[in-house]
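Residues per chain are reported as follows:
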Amino acid sequence: MICLPRLLSERSRFGFSVMASPSSSAALWALDEAGSLRLRQWDDEAVVYHRPSGATHLVDEVSALILRTLEQGAMSLAGLAARVGETLGVGSPEELEQITGERLAGLQRLGIVVCLPGDHR
Amino acid sequence: MIIADLDSARLRRALAETGLGLHIGPFIVRLHSPIPSVAEGLARLYDRYPAEIPPVFADIHMSLFPAGGLRRFYRPQVIFSNDGYSPFKPLPLVQAFPFFEWSLNWCVATHAHQYAIIHAAVVARAGRVAILAGAPGAGKSTLCAALIQRGWRLFSDEMALVSLSTGEIMPLPRPVSLKNESIDLIRRFAPAAVFGPVSADTHKGSVAHVRAPDDSVARAAEPGRAAWLLLPRYEAGAALEARPLGRARMLMELAAQTFNYHILGETGFQVLAELVDASACYRLHYSRLEEAMDFFERLAQDCP
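Residue numbers (this note's numbering), protein chains in the order written: chain Z, 1 to 121; chain Y, 122 to 425.
Everything labelled a hint here was simulated from the structure, so no lab data went into it.
Quick caveat, the model's predicted, so the values are computed rather than measured.
It is possible that some hints are incorrect.
Residues of chain Y placed beyond 12 angstroms of chain Z at every Cβ, according to the derived structure [to be verified]: (1) P213; (2) E222; (3) A256; (4) P257; (5) R271; (6) G272; (7) S286; (8) R340; (9) M371; (10) F380; (11) G389; (12) Y403.
Derived, one-sided and incomplete: chain Y residues facing chain Z with beta-carbon distance under 8 angstroms [stated by the list, open to error]: (13) P318; (14) P365; (15) R368; (16) A369; (17) R370; (18) L372; (19) E387.
The beta carbon of each residue, even a glycine, is placed where N, CA and C say it ideally should be.
Whenever a hint applies, use it, and build me the whole structure from the sequences.
Pasting the structure below:
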């Protein structure tokens, strides 16, 4: 999957902002802010209230599981995919990473999760 | 005192001079207007509502006055103001009474943030509330007007007031606003229903209001709990179809129809979440009122 890293806030020693470029395996995924979400799930769908933006989003159960996991702390794609696999009970590691990666990309577009570069670990 | 206790001259004088305090659901509305059609509309459609002259206290202050200058003679107009502020352009004077109704909707939606205010018609049976949410033109008011003729209690034709502190639905029983074809449809469905005058050529087309049932007005202080959330849609010729809707999707639909959701923030989210959690949720497509009445009757019978 493609990890879209966020722009580092501090300026580099070259005097301009740089894009972090972590490898996928080194990157961690996290909520954009700790405690930023209210999440309610019914059956296989959930709604997420994002405190910083005030926006409400409809997500599927996989995304809800990812968000609940990230509420406990940052995690790698592989770790999240394994958690998704435990819940779904099916799928090869590659398939689970693809499913999880697609959901993460969607959540990132919503501004709910961020991808931290590897050196944050 | 109720409006019906005032003779026509006294009602007009109170409206024109001191203003009239009108108790509508949880609000006291101070209405000030010298326009005869406003007094006539109140006498016909609000006759059972408690009133005060002069009002001691009011939650909402409304004035409807004729425009001055040349507009006194040429295409006369009416101006609405709320606490001295006029948010809308003037309308033709003949639309003064519907303008009162529309302006009161605006006043509640922009001021009453102790409630989550959902754009919905609301009726109840045996204390259990059905919220019919949706965009304008979906057929909410038509269903609502029919249901109140079949023994359902009117909570509101226009907005569900969900208490932020208790989650209860507060009644705001007012005349039901019907547009265009719905006016004749309800006249045929319920010949005994009392209508106000038809206002033609408004921005909504022809508009008329149906009087709220006396029992609903008398019980305006009795809140209820939501049992059913519905998204009705009128489709000409369609057979009735009620499809269960996931609660998460219903919450998204309600959020889109909640006037003050952006103001309430997380509290609004929590209130709507509790609402959907406690309710059965449906999308309802209908065309024939009798079919729809049967569906609501089954809902009321099936729910313990």
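Which numbered hints turn out to be false for this structure?
Violated hints: 9, 11, 13 and 14; rest satisfied.
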